[in-house]
Amino acid sequence: MIKKIVVNPVTRISGFMEIQADVENNRVVDAKTEGLLFRGFEKMLNGRSPFDAVYFTQRICGICSTAHSMASTLALEDAMGVVPSEQGRYLRDILHGCEFLQNHIRHFYQYTIPDFVKLPQDYPLFKAEHNDFRLPKEKNDILVKDYFDSLDLSRSSHEMLAVLGGKAPHNHGVFIGGITTQATTDKIVKIKSILNSIFQFINNRMLPDVYTIAEYYRDYFYIGRGYGNLLSFGCFNGYKNLGTLYVDPLVYVGGKTSEFNPDNITEEIDYAWYKDRQNEDKPFEANPEADMSKPGAYSWVKAPRYNKIPFETGPLARQWLSGDYRNGISTMDRTIARALEARKIALIMNTLLENLVPGVSVQKEYSIPETAVGKGLIDTTRGALGHWLKINSQVISFYQIITPSAWNLSTRSSNGMKGTAEQALIGIPVRDINNPVEIGRTIRSFDPCISCATHIYTGGMHINTIQVVI
Amino acid sequence: MNKNNVSITCPEYNARLNAAASLVDTVKKQIRQGVLRKRNLVWLELTGCSGNIISLLDGSNPDFKYLISQMTHFIYNNSLSASEGQKAMEQLFSVLGSDYILAVEGAVATKNNGLYNIIGRMNGKPITALEAVKTLGEKAAYVIAIGACATHGGVSAARPNPSESVSVQSVLNRKVIKLPGCPCHPDWFMGTLAHILLYGEPELDSRDRPLLFYSTLIHDRCPRRSYFDKGIFAEKLGDKTCMFKLGCRGPVTRIDCPTRKWNQYVNWPIEDDTPCIGCAQFGFPDAMEPFISYDTTREVKK
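Just so you know, the sequences run in chain order A and X.
Take the first sequence: its position 286, counted from the start at 1, is 286 in our numbering, and no numbers get skipped.
Take the second sequence: its position 128, counted from the start at 1, is 128 in our numbering, and no numbers get skipped.
Each hint should be verified, as a subset may be incorrect.
[What the hints assert, rightly or not] Here are the simulated BS3-like cross-link-like pairs (lysine-lysine), alpha carbons at most 30 Å apart as the crow flies: (1) A/LYS190 - X/LYS236; (2) A/LYS32 - X/LYS125; (3) X/LYS139 - A/LYS127; (4) A/LYS43 - X/LYS236; (5) A/LYS3 - X/LYS65; (6) A/LYS3 - A/LYS294; (7) X/LYS87 - A/LYS137; (8) X/LYS87 - A/LYS32; (9) A/LYS190 - A/LYS145; (10) X/LYS65 - A/LYS190; (11) X/LYS245 - A/LYS364; (12) A/LYS192 - A/LYS240; (13) A/LYS127 - X/LYS245.
[What the hints assert, rightly or not] One-sided excerpt, in silico: chain A residues whose CB lies under 7 Å from chain X: (14) ILE63; (15) GLY81; (16) PRO84.
[To be verified] So, partial list: chain A residues that the calculated Cβ filter (under 10 Å) puts toward chain X: (17) THR11; (18) LYS43; (19) GLN102; (20) ALA128; (21) GLU129; (22) ASP132; (23) ASP152; (24) LEU161; (25) GLY173; (26) ARG343; (27) TYR366; (28) SER367; (29) VAL437.
These are computed hints drawn from the structure, not numbers from a lab.
On a predicted model such as this, the values are computed, not experimentally measured, just so you know.
Quick reminder that beta carbons are idealized off the backbone N, C-alpha and C, glycines included.
Can you make the complete structure from the sequences, with help from the hints?
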């Protein structure tokens, strides 16, 4: 007999999400992921000043706002024909690096750890429902301490960001040409000092902690694989003098790595509640309107595809494509890769800081073209992020955003292939159907950001009765 | 500084800067002495970016650890709660019937009867943001709207407002303390909460903002004010003079950013050589755009 599990809310993610899973003989046999929030950023952006996209699109997401400032800035530079200086690139990539560290530390400790570590039960916030906690007490105690200690380091990551970015979340620093202000010597050394503390924490606490979890939850190396198709738009790459410090734009399918080509991206809406002139479109062409009565649709999530197939994007994809980590593709590998990437990013930031020339101004007086198009594609904390924009009469006339979480948590496509995370849930064991902790652990390994995906997700209309187990 | 000297209406800005920390110290002492008890706190995330809870985690003295261990019984938050699914919803609504303070970030989506934002399910039924804030808001001892979306709709209600988002106040028939900002600075929340725990409701202006933080225009305390007065204006970002002609909203924005600063107090937008975009003022974002303009013909009104 098939039992339907509904998990809603999926807590410890950014935004609101529901998972529906069919379970037979204690294995997941079907799964759907749904986002439950809609704001409609692409429609809001129409008619606004193109410059305002940098600060406006950051409000898509409170935990990864810098990601959107990067992609919108790149799209504007592409549209305006602005080529940033190398110093400009170093500076804004340092800010981007701060955001990676803030995200990865918070995702591991505040979002992931409560799945595996029993936190003090006298705090209402940490009340645990399941009993699959396997760490011996002395190790559990260490990770509990690090849960609390990590808060100082994730906060410091945003402090570094603010030194050159003004404030965080929602920074003012990333902009066309690089960043707005100058990195003076006192600011550079302040960032270096903070970064050193963060690096020590990652090296001495975070990495041992993730391997402690891996040791006691080895079964998670064997579940949550998904398709194993990996995609990166590249980041910290292609510097004139430094080359590629992390990863170039690459895709990995069937054991082969090849160059990424942005023309191969499409978005499909066959199983999503949208109507358009056709069900598959390139990012610059798609202009879907909501249609909640569409037959066959089961979700509001669109389906981004590359060469018509679904891809995983994020820290594990980058670590794999860069050759840094190739142990495997699974729930646990994804979690380990995120911690390893935090260490890598700290090292890259240090290299960029070493190459800064103090006091350089990279700003100019910019003017908006009458008409232009531009795209900004970059790998960010959660994976491949793209902004596509058109300018007409000096205002934004079109804006398209495809987020990492849209890649990872997409719906089925016209050929029936499930989204990446949906596929990753298939076959996973559920020991206690009233506490399906395995589902949440696997979904969180993708670090879903539904705040980000909200422009393509919407709730609504699924008030159908479901036999709810949880 | 001596806590006894703190006046919540004091215009002297050092007092303002230290007021939040000072109030919290007093709360700590009184809780230890048994004068005060910790109160239940629920932090609801609604239609928005969930950036205010991230900003809260960025706070220091008091920090998040202190908030959950010394000041409150922190009952529920979507980003941080260990429980999930139905049990998380049971935890959230367990405060009904007890004494609790409700903190809300995010606007309230009203389109399709609120179904554009579902925050969980109870017994199979979707719970909308609209339903949750109404249920919890009417019975809370205090309601604090945190960030621009909660206080007036903010970016979630930006034109054409596809989700028909509105402020928390619009759906509640009661007083809502408002802390606008995008995001809200952690000190603005912590100081307000400390005041509630210690003395009750803080002194509010006519739009229910605590005077402790929202009394003075950025323009009146801007370190670049002398350039404005002399008519020396920046022509591009990165310049060190007055950014009024680049679109600075400091002249209409009442908040203490120039003296408080952000993220361990290291910086703020104007010191980062960018205009204030008015994120802590009602009307943000639509009334504050364009954020950045190189059309330097903006006139100073005499």
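message: Please list, smallest to largest, the hint numbers that this structure does not respect.
response: Violated: hints 5, 13, 15, 16, 22 and 26.
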